[in-house]
Amino acid sequence: MLNRNLVIIGGGPAGLAAAKAAYDAGEKDILILERENELGGILNQCIHNGFGLHTFKEELTGPEYAQRYIDEVQKRNIEYKLAATVVDVSKDKVVTYVSAHDGLTQIQAKAIVLACGCRERPRGAINIAGMRGAGVYSAGTAQKLVNIDGYMPGKEVVILGSGDIGLIMARRMTFEGAKVKAVVELMPYSSGLNRNIVQCLKDFDIPLMFSHTVVEIKGRERVTGVVIAEVDDKLVPKMETAQLIPCDTLLLSVGLLPENELSKNATVELSNVTGGAIVDDNMMTSVEGVFSCGNILHVHDLVDFVSAESEIAGKCAAEYIKEYHAAKEKVTIKTQNGVRYCVPHQLNKDTNYQPLNLKMRVSNVFKKVELTITADGVKVYGKKRPVVAPGEMENVALNSEQVKQLKNAKEVVISLCGGDKQ
Amino acid sequence: MKKVLIIGSGITGSAIARELARYQADITVLERGNDVSVGTTKANSGIVHSGFDATPNTLKAKYNVEGNKMFEQLSRELDFPFRRNGSLVLCFDEAEKDGITKLYEKGVANGVPQLEILDGKQVRELEPHVSDKVVCALHAKTGGLVSPYEMNIAYAENACVNGVKFLFERKVTKVAKKAKAFEVTCDNGEKYKADVVINCAGVYADDINNMVCDKKLHIVPRKGDYVLMDKTCGYICDHTLFQQPTKMGKGVLVTPTTHGNILVGPTALDIKDKDDVDTYSEQLNELFNKALKTVPELTKRTIITQFSGLRAHEDGGDFVVGESDVKGFYNVAGIESPGLTSAPAIAVDIAKQVAKALQLAANDSFVATRKGIPHFATLSNTERQKLIDANPLYGKIVCRCEMVTEGEIVDSIRRPLGATDMDGVKRRTRAGMGRCQAGFCTPRVMEIIARETGKDMTEITKCGGKSNMVIGRTK
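If you're matching them up, the sequences are chains A and B in order.
Quick note on this note's numbering: the first sequence kicks off at 58 and runs consecutively.
Quick note on this note's numbering: the second sequence kicks off at 19 and runs consecutively.
If you are wondering where the hints come from, they were derived from the structure by calculation, not from laboratory data.
Check each hint, because a few of them may be wrong.
Taking lysine to any residue pairs in the SDA-like style, the calculated list, with each CA pair at most 25 Å apart, reads [stated by the list, open to error]:
#: 1; chain 1: B; residue 1: K318; chain 2: A; residue 2: I183
#: 2; chain 1: B; residue 1: K249; chain 2: A; residue 2: K238
#: 3; chain 1: B; residue 1: K404; chain 2: A; residue 2: K275
#: 4; chain 1: A; residue 1: K275; chain 2: B; residue 2: P263
#: 5; chain 1: B; residue 1: K318; chain 2: A; residue 2: R397
#: 6; chain 1: A; residue 1: K275; chain 2: B; residue 2: E477
#: 7; chain 1: A; residue 1: K291; chain 2: B; residue 2: K249
#: 8; chain 1: B; residue 1: K120; chain 2: B; residue 2: P263
#: 9; chain 1: A; residue 1: K391; chain 2: A; residue 2: L413
#: 10; chain 1: A; residue 1: K391; chain 2: A; residue 2: G332
#: 11; chain 1: A; residue 1: K212; chain 2: B; residue 2: R491
#: 12; chain 1: A; residue 1: K291; chain 2: B; residue 2: S299
#: 13; chain 1: B; residue 1: K345; chain 2: B; residue 2: R319
#: 14; chain 1: A; residue 1: K238; chain 2: B; residue 2: R491
#: 15; chain 1: B; residue 1: K404; chain 2: B; residue 2: H393
#: 16; chain 1: A; residue 1: K150; chain 2: B; residue 2: K249
#: 17; chain 1: B; residue 1: K292; chain 2: A; residue 2: R277
#: 18; chain 1: A; residue 1: K167; chain 2: A; residue 2: V144
Here chain A stands alone, though its shape is the one from the complex (with noise of 0.2 Å):
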């Protein structure tokens, strides 16, 4: 068994940013553990634009937003090994990892960062009926084949879901000569970014068909087609709506889970909402010691957000492994009118009163609404918004100030208040 201070899981923007932030801030014992060839996660097939807007301030393509994280990374010396695959993390800190130069390895860590990433969801887990030969993708193994590997899954395509991904792929497919006829969406409103909307569907044409499903997947050996219909406020297909768009090839975008299988393993307690672990304000899960940050911990929209939060959880973990005391009691945000969820889940009762991100989901469209957050029955915080939607992740910035009032409170609330939500 070997001995490490903090192992970080995952090479993605997650991990690279958890793996600076902890070293600048006094660790310099620190392995990332990367499955695959290369640091820089699902970036390295994301060659679109639009990554750094926040954090560098311009428009950088995912692999050269990665290559940022990884020079930094680089600069520093610190070890990372590719091509080695977690099996197991147990709740006493011990990991196990598999790779073909190192066979198999344990290593007890002092604190672990968890920074897996997500997975999409597939075609089982929404009961498309039909046929089940080939042509069906989820979005992002379609993009790993267009834009990693150069091959075209097919060339007429639907579209289900409008998550980012989804939307992406519509446009890369177009380009590459491929013709998408049309993106449907179950809900009334997208799951992804508007600027996607306008950029990659608008722009070209395409049409984004709300409150429709496939409702079939006809062909045998080949997608051949698919039957869409609309569907009523219970989401329940009208049959008599039905419609055949011949098509070879059909892309699912209909959302994303947090990989948390090592979580588990790890004993770490996950929301139900989320699908991700419950982290204080610290980015610490459950288990003393452990930490998530990134797509793990909740599916964000933009990778800036996820090299803020995981810089936090890296400068935590490298706090933690100097000298941290748990902070005893914790204060959990509750989450309600509207809001779905809130990451932290819970804030320590201690006096660290830095500026701090709150990052929530609504979950709904709403219009002319205020977001207000509550300590102890009084308010804190409120923004007024013209709308909010569930494809936009809120991001609210306290002071030191505001979060110190929550820290010293018995209970804290997030609502959506006014407005849609009278």
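Start from chain A and add chain B according to the hints.
Frame of chain A, contents of chain B only:
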């Protein structure tokens, strides 16, 4: 040497091929698909039935009970997943208790050992998550689980190394009895001569029979839809949980699989198209609601995939096994449930009949054992380290959900009757069978198949034919 042709490489065709390989004969299997186990065998409940359900004095009853007893030895010899987990037929209504008693009596008449009737409390002690509405149940301790395609592949591989030829993508279009031998014609124009023909063509066995026999058969494809749940709900049950049977089949069951998932199914719907394995959404919803009666806490959130299979239901309702009205033409037809359980017994029986009729001598070089692909996920850390030391490809995890390594995938392609497509790799290694349903491993598995078979990526298919994974290069 005498020539034997077997039509079909599902569980019966492959099992018969292996049992016949114990004798000196020139054995060829003709398969219309591009792999073994691509028909009825690949999509069913994977249950080793104890035999209480079959009508006494039928072939189903006989072969079921005989077959059931063979699984310990067979799974050891051929190295496929099998577990005797026991089954329960649940009764939810005092008024239907009679049905349980009748099943018990049928079981006794069929010679099924270790049957008992439990009251509701005893059932919940065995299975704490079953509905509290359960008033009693028939407990069959000899019920078991098997991975049907892995069993099929194991049989076929063992037959292959013992000299049986397997020819794929050959759909039989004509069977003719000539003066001295049979002549079997395939859709590619090839003709094969044989002294004996064994019809194991699954849902097509009636078509094959009717090409040569006067006594006609009629098989209806009876579709069964299934729902497969994530391993996280594997705690739901340990026994196979049946509801009381109906005339369409054994009813909806909730069962663990040999790999720790939970399987819910099947529906039963008679259809016309023998190639239609599409899933039907109304059927799936209905199925799920029925399963909730057994285990109320099942949730759709943990579904990872659905699939559908066809039962080969012959009008007579029983298996059709043995020499037909044409001498030398043997039928193994109408093999619906409990066909998987029965296949080992049917195979031994048919092999003996054929060997006797053709006066075949024993094959002294027959090897009865076969070693499967080591499954990294199920090994201890010490065993894993040993594998990686011997071959570093076992240190490269390709399918993260099921923890399948490149070593296993390469083995699945290189071994006898190795995989040639994505589904073939999946059935042999479980790559792509987990909760992400091949989202991550698809491109990597394609690359490995292309590398190992010397094919271009654009030639890699999901399941043969025109099921190409990609259509060409990007611009």
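Against the structure, the hints:
A distance of roughly 9 Å separates the Cα atoms of K318(B) and I183(A); the hinted pair therefore holds under the 25 Å criterion. As the CA atoms of K249(B) and K238(A) are separated by approximately 36 Å, the hinted pair breaks the 25 Å bound. This hinted pair does not check out: K404(B) and K275(A) have alpha carbons roughly 46 Å apart, beyond 25 Å. Between K275(A) and P263(B) the CA atoms are separated by roughly 32 Å; this puts the pair beyond 25 Å, and the hint is violated.
In summary, the hint linking K318(B) to R397(A) is supported, as the alpha carbons are separated by about 21 Å, within the 25 Å threshold. Only pairs whose Cα atoms come within 25 Å are accepted, and K275(A) paired with E477(B) is accepted, the gap being roughly 22 Å. Proposed proximity of K291(A) and K249(B) is contradicted: the alpha carbons are some 29 Å apart, above 25 Å. Simply put, K120(B) and P263(B) have alpha-carbon atoms about 11 Å apart, close enough for the 25 Å limit, and the pair holds.
A C-alpha spacing of about 17 Å is found between K391(A) and L413(A), which places the hinted pair at or below 25 Å, so the restraint holds. The hinted pair formed by K391(A) and G332(A) meets the criterion: a straight-line CA distance of about 17 Å does not exceed 25 Å. Taken as a hint, the K212(A) and R491(B) pair is honoured in the structure, with Cα atoms around 11 Å apart against an allowance of 25 Å. With a C-alpha separation of about 17 Å, the suggested pair K291(A) and S299(B) falls inside the 25 Å cut-off, and the hint holds.
This hinted pair does not check out: K345(B) and R319(B) have alpha carbons roughly 55 Å apart, beyond 25 Å. The hinted pair formed by K238(A) and R491(B) meets the criterion: a straight-line CA distance of about 21 Å does not exceed 25 Å. Restraint check for K404(B) and H393(B): the C-alpha separation of about 13 Å stays at or below 25 Å, so the hint holds. Annotation: proposed proximity of K150(A) to K249(B) holds, straight-line Cα distance about 24 Å (limit 25 Å).
Proximity of K292(B) to R277(A) is assessed by CA-CA distance (about 12 Å); at most 25 Å being required, the pair is judged to hold. Distance restraint check for K167(A) and V144(A): the Cα-Cα separation of roughly 18 Å lies within the 25 Å cut-off, and the hinted pair is therefore satisfied.
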